[in-house]
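For the sequence shown, the residue numbers in mature numbering (1 follows the signal peptide of the UniProt record, and there is no 0) are -21 to -1, 1 to 129.
Incorrect hints may have been included.
What the hints assert, rightly or not - 30 Å max Cα-Cα, derived BS3-like pairs, lysine-lysine: (1) K107 <-> K29; (2) K39 <-> K107; (3) K39 <-> K29; (4) K21 <-> K107; (5) K39 <-> K98; (6) K74 <-> K98; (7) K85 <-> K106; (8) K39 <-> K74; (9) K61 <-> K98; (10) K98 <-> K29; (11) K29 <-> K62; (12) K85 <-> K39; (13) K21 <-> K61; (14) K85 <-> K74; (15) K98 <-> K85; (16) K85 <-> K107; (17) K62 <-> K21; (18) K106 <-> K29; (19) K62 <-> K107; (20) K29 <-> K74; (21) K39 <-> K21; (22) K106 <-> K21; (23) K85 <-> K61; (24) K106 <-> K62; (25) K61 <-> K39.
As the list claims (entries may be wrong) - The calculated label-pair distances, taken between Cβ atoms and stated as ranges, are: (26) T27 <-> R49: 15 to 23 Å; (27) G115 <-> L47: 20 to 28 Å; (28) K106 <-> K21: 16 to 24 Å; (29) S5 <-> S117: 19 to 27 Å; (30) G115 <-> D3: 31 to 39 Å; (31) I116 <-> D77: 17 to 25 Å; (32) P44 <-> G115: 33 to 41 Å; (33) A57 <-> G104: 36 to 44 Å; (34) D90 <-> G115: 17 to 25 Å; (35) D30 <-> G78: 19 to 27 Å.
Keep in mind the hints are simulated off the structure, nothing from the lab.
Think of the CB as a built atom: it goes at the ideal place given N, C-alpha and C, for glycine as much as any other residue.
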Amino acid sequence: MSWRRLCVAAMLTGNALVAAASADLSTPVGVWRIVDETGDPKALITITEKDGEIVGALTKSLGRPDGLERRCNECTDARRGKKLQGMQIIRGLHKDPDGDEYIGGKILDPDSGSEYGCKMRVVEGGKKLEVRGYFGISLLGRTQTWIREQ
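Please build the complete structure, drawing on both the sequences and the hints.
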């Protein structure tokens, strides 16, 4: 490898490391591991932000041999029959200007095809994400704690 190529490679690697080190852990943007009540991993969700909207897609099913082939057969919208891997299951969230939560969104339960109200909050210095799915009002729901992967 030439000296010039080595320098360019080192510079690009350094930039990637600086970007990773300076990632804003106060936002939900990133990859999150969902675990069930027993602590077993269920899935990886990738959350992104575009034009102020937070969305999340199922990146990978964990612990299921059929994970790559599963489809949302119970969905009632345009996602019906589509593969779960890569499917957007969180949409419409935005930062609450008066607090530390992301509110106003929807989250899909791909097993039932039901979509629920959703809000989330980054906790423990960005290491965890509290995700609340609810029916109608936030009081009628449940909260899961997801763990940041990267």
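Hints and how they fare:
no.	hint	verdict
1	K107 <-> K29	holds, 21 Å
2	K39 <-> K107	holds, 18 Å
3	K39 <-> K29	holds, 21 Å
4	K21 <-> K107	holds, 16 Å
5	K39 <-> K98	holds, 22 Å
6	K74 <-> K98	holds, 10 Å
7	K85 <-> K106	holds, 22 Å
8	K39 <-> K74	holds, 26 Å
9	K61 <-> K98	holds, 25 Å
10	K98 <-> K29	holds, 17 Å
11	K29 <-> K62	holds, 23 Å
12	K85 <-> K39	holds, 20 Å
13	K21 <-> K61	holds, 19 Å
14	K85 <-> K74	holds, 14 Å
15	K98 <-> K85	holds, 8 Å
16	K85 <-> K107	holds, 19 Å
17	K62 <-> K21	holds, 16 Å
18	K106 <-> K29	holds, 22 Å
19	K62 <-> K107	holds, 27 Å
20	K29 <-> K74	holds, 12 Å
21	K39 <-> K21	holds, 9 Å
22	K106 <-> K21	holds, 18 Å
23	K85 <-> K61	holds, 18 Å
24	K106 <-> K62	holds, 29 Å
25	K61 <-> K39	holds, 15 Å
26	T27 <-> R49: 15 to 23 Å	holds, 22 Å
27	G115 <-> L47: 20 to 28 Å	violated, 34 Å
28	K106 <-> K21: 16 to 24 Å	holds, 18 Å
29	S5 <-> S117: 19 to 27 Å	holds, 22 Å
30	G115 <-> D3: 31 to 39 Å	holds, 32 Å
31	I116 <-> D77: 17 to 25 Å	holds, 18 Å
32	P44 <-> G115: 33 to 41 Å	holds, 36 Å
33	A57 <-> G104: 36 to 44 Å	holds, 37 Å
34	D90 <-> G115: 17 to 25 Å	holds, 20 Å
35	D30 <-> G78: 19 to 27 Å	holds, 21 Å
The structure does not agree with numbered hint 27 stated previously, though it agrees with all others.
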